[in-house]
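Undergrad: What follows is each chain in one-letter form.
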Amino acid sequence: MSTAEPTVFVIDDDKAIRSAIKNLLESMGLRVEVFPSPREFLKGAHKDRPGCLVLDVRLPGESGLDFQRELANGNVELPVIFITGHGDIPMGVQAMKAGAVDFLTKPFRDQDLLDAIQKAIGRDQARRQQKTEGAGIRNRFNSLTPREREVMSLVVAGLLNKQVAAKLGMSETTAKIHRGQVMRKMEAQSLPDLVRMSERLGTPS
Amino acid sequence: MKEFLQELFSSDFMPHGYCYSWKPGLVWLHLVSDVLIAVAYFSIPLTLVYFIRKRKDLPFNWMFLCFGTFILACGSTHLMEVWTLWHGTYWLSGAIKALTALASVPTAILLLYLVPHAVALPSPQAMRLEIAERKSAERALNLVKEQLEFMVQERTAELSKTNKELIAEIAQRKRSEEALQAAQAQMARMARVSTMGELTSSIAHEINQPLAAVVTNGDASLRWLGNDPPNLAKTRESITGMIKEANRASEVIKRIRALAKKTPPQKAHLKVNEVIDEAIGLVGGQLARQGVVLRKELVPNLPPVIGDRVQVQQVILNLIANGIEAMEEVTGRPRELSIGAKSTDDGRVLISVSDCGTGIEPESADHLFEAFFTTKQEGMGLGLSISRTIVEGHQGRLWATPNTQGGATFQFTLPVASAAGASA
Numbered sequence: 001m002s003t004a005e006p007t008v009f010v011i012d013d014d015k016a017i018r019s020a021i022k023n024l025l026e027s028m029g030l031r032v033e034v035f036p037s038p039r040e041f042l043k044g045a046h047k048d049r050p051g052c053l054v055l056d057v058r059l060p061g062e063s064g065l066d067f068q069r070e071l072a073n074g075n076v077e078l079p080v081i082f083i084t085g086h087g088d089i090p091m092g093v094q095a096m097k098a099g100a101v102d103f104l105t106k107p108f109r110d111q112d113l114l115d116a117i118q119k120a121i122g123r124d125q126a127r128r129q130q131k132t133e134g135a136g137i138r139n140r141f142n143s144l145t146p147r148e149r150e151v152m153s154l155v156v157a158g159l160l161n162k163q164v165a166a167k168l169g170m171s172e173t174t175a176k177i178h179r180g181q182v183m184r185k186m187e188a189q190s191l192p193d194l195v196r197m198s199e200r201l202g203t204p205s
Numbered sequence: 001m002k003e004f005l006q007e008l009f010s011s012d013f014m015p016h017g018y019c020y021s022w023k024p025g026l027v028w029l030h031l032v033s034d035v036l037i038a039v040a041y042f043s044i045p046l047t048l049v050y051f052i053r054k055r056k057d058l059p060f061n062w063m064f065l066c067f068g069t070f071i072l073a074c075g076s077t078h079l080m081e082v083w084t085l086w087h088g089t090y091w092l093s094g095a096i097k098a099l100t101a102l103a104s105v106p107t108a109i110l111l112l113y114l115v116p117h118a119v120a121l122p123s124p125q126a127m128r129l130e131i132a133e134r135k136s137a138e139r140a141l142n143l144v145k146e147q148l149e150f151m152v153q154e155r156t157a158e159l160s161k162t163n164k165e166l167i168a169e170i171a172q173r174k175r176s177e178e179a180l181q182a183a184q185a186q187m188a189r190m191a192r193v194s195t196m197g198e199l200t201s202s203i204a205h206e207i208n209q210p211l212a213a214v215v216t217n218g219d220a221s222l223r224w225l226g227n228d229p230p231n232l233a234k235t236r237e238s239i240t241g242m243i244k245e246a247n248r249a250s251e252v253i254k255r256i257r258a259l260a261k262k263t264p265p266q267k268a269h270l271k272v273n274e275v276i277d278e279a280i281g282l283v284g285g286q287l288a289r290q291g292v293v294l295r296k297e298l299v300p301n302l303p304p305v306i307g308d309r310v311q312v313q314q315v316i317l318n319l320i321a322n323g324i325e326a327m328e329e330v331t332g333r334p335r336e337l338s339i340g341a342k343s344t345d346d347g348r349v350l351i352s353v354s355d356c357g358t359g360i361e362p363e364s365a366d367h368l369f370e371a372f373f374t375t376k377q378e379g380m381g382l383g384l385s386i387s388r389t390i391v392e393g394h395q396g397r398l399w400a401t402p403n404t405q406g407g408a409t410f411q412f413t414l415p416v417a418s419a420a421g422a423s424a
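Heads up: the protein sequence lines correspond to chains A and B, in order. Taking our numbering, the leading residue of the first sequence gets 1, the next gets one more, and so forth. Taking our numbering, the leading residue of the second sequence gets 1, the next gets one more, and so forth.
Bound-form chain B, shown alone:
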């Protein structure tokens, strides 16, 4: 290796200057020309590197690098020419030439390969033309886009306007619906209060009874205490009775207050028999005063129904009040009112109130449930109409049928609460 390098760098040969016979003019000519060529060759790659660094987008830029290498190698051969003027290291100059050949031949071959591709590159003019075309296409596209945008905006505006109108309409409809519901609730409440008005004496009786029991038990407890010795067991028993009856009075008042209250209807799971018993609790006095015998036919353990307690009670109260009234003229035979509750095959609970009164006149039958239709002297004709509204609001049905032995039966259905939520 060392030998090789020594050989390479040895200058056993004659310097090149001898060939020029050391004629100063010729030596200078070669020297200056070679130096200038070398300087030029060395500067070209720098410029090329600068150029391709600035224009990284240019196609085939690796070709410039090949050129650069090739020119750089050529520059080196010219520098070696200067050197060999005085030093005979022709091995080295030959080696550098060989390297230059190595760099130049592939470059030449690559260039050959590159030419068709380079030829295919569009000319700047074609590029300009295309760019112009593209620009005009782009402008056209932009125009269409703008038009489209305008149209979209127009459509959107139209849509949002329609939407706004729709929302307003929905709101309006909702308001009307709410107003209707409120009016219905108000009507129902008025009817309730009116029914309660008719039942005032009955209700008063229902409160007075427990109060009388309280007073009587109170008197009794005073007397038991006044005995010698005081009978404390009996006193306690009397006071227990007082508390129980005071609570009973309070319960009645609570029920009345619920009926008169101005609360929006609340659907809940109801036990029909319980609701019926509560209603009967309010009219017991009325029944007794009119000498009406009440017959209850309530099937036990009915499935709970969905409904508003107060409104359902209102319907029952209304039907009972009607029944009692229908029997006012009955004399010489028992006045009997039957209240029944049972399940139907189609998953409903049927509640019926049957009287043995004057019955339904055939000409009234069709108008029974119309508002302001009445056969009574003092009736408003709202009870049955509102009752039907209430029942239908509960997805139920209310209808009347004449009894074979006189009187009428009013009955209505209520849907049974679904098994899923039948927790009541």
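Excised from the complex, chain A in its bound form:
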């Protein structure tokens, strides 16, 4: 089992719906795993695997509410496609606000589900890539010395070397050396590149 291959996680309390969706997605050549409740899903270490969630809005019980809260809190980052028995508008709005990829009404067109799943998986991949990227930037940032971090924050704020040197009470040459170190360690190609990384890190400017 390769964890790299995206999996569609279907959570629905109705066994017939679960197995029908599983059947459909398998016929499309997708990898599917089904769960009767969010609790069952959360039991396994699935939430960090690549893929997406297909979720019935009306999940039974306490765990359903919790799960929705958990989704909102961002603990589950998998993109979510909601399915519902009824075209319940407020619920749809709520779902989309909570970051759902799509909101499908049962019975849905298979192509709609396929499109939504592809979109969700695409989004998940981008997210993962970004996350990996973000983790790289964070690692590189962590390798900077406190002095270098200070220099970086001023550089990305748009200060010139001279201004940086004055602000930190060092010579312009020293400031230049620090800046070169920052650019090298952060693997930044250019100043705008560094600015973008800084934004990703959320470094206060």
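Keep in mind that a hint or two might mislead.
Straight-line C-alpha distance at most 27 Å; calculated DSS-like pairs for lysine-lysine [to be verified]:
1) Lys271(B) <-> Lys15(A)
2) Lys22(A) <-> Lys161(B)
3) Lys271(B) <-> Lys254(B)
4) Lys15(A) <-> Lys244(B)
Keep in mind that the hints were calculated from the coordinates and are not lab data.
With chain A's structure known, arrange chain B on it following the hints.
TA: Just chain B now, with coordinates in the frame of chain A:
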């Protein structure tokens, strides 16, 4: 013997005429007198025979026969007198006289014996008197009889009138009872339809779920067929799923139709757990939408109860719907609804629906089961009242108790089907 007969019939003696010296006058006198006597004597028995044949009712009629015999014998002796005028067969005439004596002596003795009895016979006058008396008694009797008959007829008429009134009253009462039952059934049905109205979205969900599964499986089978090569095993599996789910949808519709149907209640053996599961099958969507966790505490293999399936289901549905509604305002803690079924010690099955909702206000407690009493914005106040009517119509009891940790428990009992007919 021959000698005896010869002797008997011999006429060696002198004819009797000699005694009369053959004087024509004397001979004729005897001859004519004897012949006339004989004729008269012979005719009397004939008359007597005729008489007793006509009056068979006469007492002592055998006496007449004795007389007849005696007179007949006397007649014969006179005939013999005529014969012996010219023939001296005195043995024969003597023998006939002897026979006459034989006939006359017993007759005389019998007559002696008969006299007291004959004397005791009522005289015709006495008879007439008695007959008159009897007739008058009979008339009196007839009169009384007529009166009695009249009275009986009167009484019978009265009775049949009362009877008719009674029958009319019974019929009237039966009609009222039937009307009441029909009205109750109609009310129950209306409440059922109204409950179903409240559960429309839930019911729609219950039908939509299998339909969605059918469509999805249908899409899947098309895709399995479209694969190269077509995956027939998977196609078959998908179609099997479709059939199963289409049947499930059909089952739901059947159940709804049964609830909405206008059939008179039919008592049968019911498996309570089955009825509860069916009811839950109709409200599963509602429970899920309201985020209610359902806890089932159904004791397995309960004895069957006697009841109308639809009505019992109606009560359960009503209690579940009430429970869900009572928990609408519950936030921040789980909404839990428990449905239980168990046997009681006194041969009943107890069904309970327990919620953790707002509970029962003390001032409402006394009115909960009254018609048109409601604490809801949109309620008619009929659900619990009709539920109680239904349960009581099943010889059961429905009551409510507050829960110690908030919410209320509604429970009702149903009588267990007797062991004799527990074939369910």
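Undergrad: The structure should be examined with respect to each hint, and the outcome stated for every one.
TA: So, going through the hints one by one against the coordinates:
The straight-line distance between the Cα atoms of Lys271(B) and Lys15(A) is roughly 25 Å, inside the 27 Å bound, and the hint therefore holds. Only pairs whose Cα atoms come within 27 Å are accepted, and Lys22(A) paired with Lys161(B) is rejected, the gap being roughly 80 Å. For a cut-off of 27 Å, the pair hint linking Lys271(B) to Lys254(B) stands: about 18 Å separates their Cα positions. Between Lys15(A) and Lys244(B) the CA atoms are separated by roughly 12 Å; this keeps the pair inside 27 Å, and the hint holds.
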